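A.B. asks: Since each chain comes alone in its own frame, lean on the hints to assemble the complex.
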Amino acid sequence: MGDHSSPEQLKKDIRVYMTIFGALLVGTVLTVAMYYVHIASVWVTVTIALAIASVKSFLVAGYFMHLISEKKVIYATLATTAFFFLALGALTMWSMHDFPFMTTVNGK
Amino acid sequence: MEIPYTITPRRDTGLYNAKVGIWLFLASEVMLFGALFSSYVLLRVGADFWPHGLLNIPIGTFNTWVLITSSVTVVMAWASLKMGNFKKGRMYLGLTILCALAFVGIKTKEYNDKFTHYAIRFKDEAGTSAFLKEAFGNDDAATKAGIVANTYGLDEAKRPFDVRDLQITGHLEGNPRFWSLAKLNASKTETVQFMPDAPQHPRHAKDGAEAKAESHEHKAHTVKISDLNYLSAYVPKHNTYFAIYFALTGLHAAHVIGGAIVMSYLFFFGGAMWKTQPERLTNRLEVAGLFWHFVDLVWIFLFPVLYLL
Numbered sequence: 001m002g003d004h005s006s007p008e009q010l011k012k013d014i015r016v017y018m019t020i021f022g023a024l025l026v027g028t029v030l031t032v033a034m035y036y037v038h039i040a041s042v043w044v045t046v047t048i049a050l051a052i053a054s055v056k057s058f059l060v061a062g063y064f065m066h067l068i069s070e071k072k073v074i075y076a077t078l079a080t081t082a083f084f085f086l087a088l089g090a091l092t093m094w095s096m097h098d099f100p101f102m103t104t105v106n107g108k
Numbered sequence: 001m002e003i004p005y006t007i008t009p010r011r012d013t014g015l016y017n018a019k020v021g022i023w024l025f026l027a028s029e030v031m032l033f034g035a036l037f038s039s040y041v042l043l044r045v046g047a048d049f050w051p052h053g054l055l056n057i058p059i060g061t062f063n064t065w066v067l068i069t070s071s072v073t074v075v076m077a078w079a080s081l082k083m084g085n086f087k088k089g090r091m092y093l094g095l096t097i098l099c100a101l102a103f104v105g106i107k108t109k110e111y112n113d114k115f116t117h118y119a120i121r122f123k124d125e126a127g128t129s130a131f132l133k134e135a136f137g138n139d140d141a142a143t144k145a146g147i148v149a150n151t152y153g154l155d156e157a158k159r160p161f162d163v164r165d166l167q168i169t170g171h172l173e174g175n176p177r178f179w180s181l182a183k184l185n186a187s188k189t190e191t192v193q194f195m196p197d198a199p200q201h202p203r204h205a206k207d208g209a210e211a212k213a214e215s216h217e218h219k220a221h222t223v224k225i226s227d228l229n230y231l232s233a234y235v236p237k238h239n240t241y242f243a244i245y246f247a248l249t250g251l252h253a254a255h256v257i258g259g260a261i262v263m264s265y266l267f268f269f270g271g272a273m274w275k276t277q278p279e280r281l282t283n284r285l286e287v288a289g290l291f292w293h294f295v296d297l298v299w300i301f302l303f304p305v306l307y308l309l
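Chains A and B supply the protein sequences, listed in that same order.
Just so we're aligned: 14 in this note's numbering is position 14 of the first sequence, and the numbers increase by one with no gaps anywhere.
Just so we're aligned: 7 in this note's numbering is position 7 of the second sequence, and the numbers increase by one with no gaps anywhere.
So here's chain B without its partners, still in its complex pose (with noise of 0.2 Å):
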């Protein structure tokens, strides 16, 4: 049986079908994401402390500029096509599949970042104060504000703070992924080697202590697995940001994926489609299209969101 309306369009909508049913299915898209933008703000809203300043924003800027030119040559593959040349048509196609497989990499890239990043906190102030003077020389005021806004950013390191909440972000020796005190518990590890972020103040910056705390940075020092009472890499349940960032892009990314297979279908195998109903091939294309463009019109607000507010 043929498909009805592949090509010409139906008399009561005046479209053809496929186009119909992208935009039915855009809509449904629209609401599940609204969704989850809905519990982003409940989550941050409810929250004591929102993190700032987690991801890295120059690779967040780039990636955003990746997907936008991946949307113009979308639209230029498709144009290329409603112009009659498929050869110049499937380039543009394959430029936007080149782009969408450097979105994903980057952003595993950026995930992978997060699953060796880590955060510690020891079991009393004591252990605080002892692991801070032995890696910056220093307890005071200050030293332990720059450790708050390594978690939360520099703004909410201004507020008060209760130091038994103190978390110590760093990296481990050999940059392991997704260990917890749980895991390391199950296997008997006793120590860790653990790299601490320089704290981001700038503490006594006439006294030249800045360029001390610098030279104290990525050495490793040797952290007791007893003293600690939590271990985490950045990982969903780290923390309520975390948990919406991974939920959000991850969705995000799982929509990527989906828009370069089609795409590649088309790619590969749309050739002997052209040779036969080539308006049938671009309007495959524009519905491939109308799909690409609304995972970029989702990157637009995402990335402020996630990365700067």
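Chain A extracted, bound-state conformation (with noise of 0.2 Å):
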């Protein structure tokens, strides 16, 4: 989105704005629409769930926080937690089935 200096790009930025917001929005009535559909399958619903979810934080984090455009040592940054964060997520799928001992009602 350049570097927000001229009036006219910030103009330009601005009709991005508010596509935004009306996408936003909509993505929202989408993932409440699935909800009241009912797909029998959990994956399908938890997958088309986090699937919108993913969309809207792209378009939160990439426009509304400028990543689309930002300096190399933010994205630096980011990539570092990003490795952190799907190690977190990665330890969690590890642990999965191995819950401490007396934590589960039926011993799973």
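In short, the hints are calculated from the structure, not lab data.
Careful: at least some of the hints might be erroneous.
Stated by the list, open to error - Examples of chain A residues lying across from chain B (beta carbon under 7 Å, computed):
#, residue
1, THR28
2, LYS56
3, PHE58
Small disclaimer: the values here were computed from a predicted structure and weren't measured.
For glycine and all other residues, C-beta sits at the position ideal for the given N, C-alpha and C.
C.D. replies: Here is the structure:
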């Protein structure tokens, strides 16, 4: 989105913000609509819900937070964060079926 | 001493310092919420039953819109300052703060609805049956499935369920908050007036029993405390779902309040800085905005995870 220096560029940006505003509102409606449609498979439901949330968060982070055109140092910071976030997720998956003793009812 | 690089970018980063600072902070925030989301996943896959439909979806949807709107207004506030229009920027900032307050207000109402919603469990099957007959005129399997659905959602009601675990949900007369069995015993209360929620299943739609169940709804029934072995409001310790729900949304709400305080400071005291260092104020608002968008971003995931899935 350029360097936001010129008023012309900012005016263009504002139009983009408004479009994204609409997209975010619609995205929310879609997520809720999916709940009422009630898809039988849990995994399909979870995948769709998280896909919509990911698109929404991409729009917020990319445009409202200007990550589409940011400086290297911030990309480096976020790449590190992404690495550790994914590591955290991987550890969670790894421990998924390994519960501490006496913490589940039916000994799963 | 003057703080360096509040306006001019540093040569090595190409950014003013506060922007690097807020991104480092947000990186730590990602890990904080990431840890709680991981906890949620673990708790959920480890649970025998995971409740559905205990939150008010229309209210949650509306609150999501409120937060999205506030994200747009804060970016508009920044863009206005960037174009040199302080008055317009301040107006948008004010709207953002109003949205933040609306969000917290609605969340408070939602919390209060939970703190006044109760689940009770009788000591034995006979007590449960007698209560169901009195309240709904019936203690058959369909009624019990409807009661299970109130606690865990319609899907879970299809599973086999031990009747000794049956919790009946509803409200206490006068809508008290945070009552528990221990509290009632300590105050030597012998009975409570309990208004059970109607079973969720349409039971015998053809003979109009549904309408009959309707008429039983919201009628108070006397319940002896000595007959119960469980009574709790929907508080964190009621079940794992509410524990993680309150932990996640509570932390998120604290962020909303924190953001609102920072933006209020800029709203009320930003004028002086605008006269001397307009670019610095613009940068401050950008940093506050980045935090605010992050709060919105967290909610974008929280809403489907806690309300819908």
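A.B. asks: Indicate, hint by hint, whether the structure satisfies it.
C.D. replies: Hints versus structure:
Taken as an interface hint, A/THR28 checks out: its beta carbon lies about 5 Å from the nearest beta carbon of chain B, inside 7 Å. This hint holds: A/LYS56 has a C-beta 5 Å from the nearest C-beta of chain B, less than the 7 Å allowed. Interface restraint check for A/PHE58: the shortest CB-CB distance to chain B comes to about 10 Å, outside 7 Å, so the restraint is violated.
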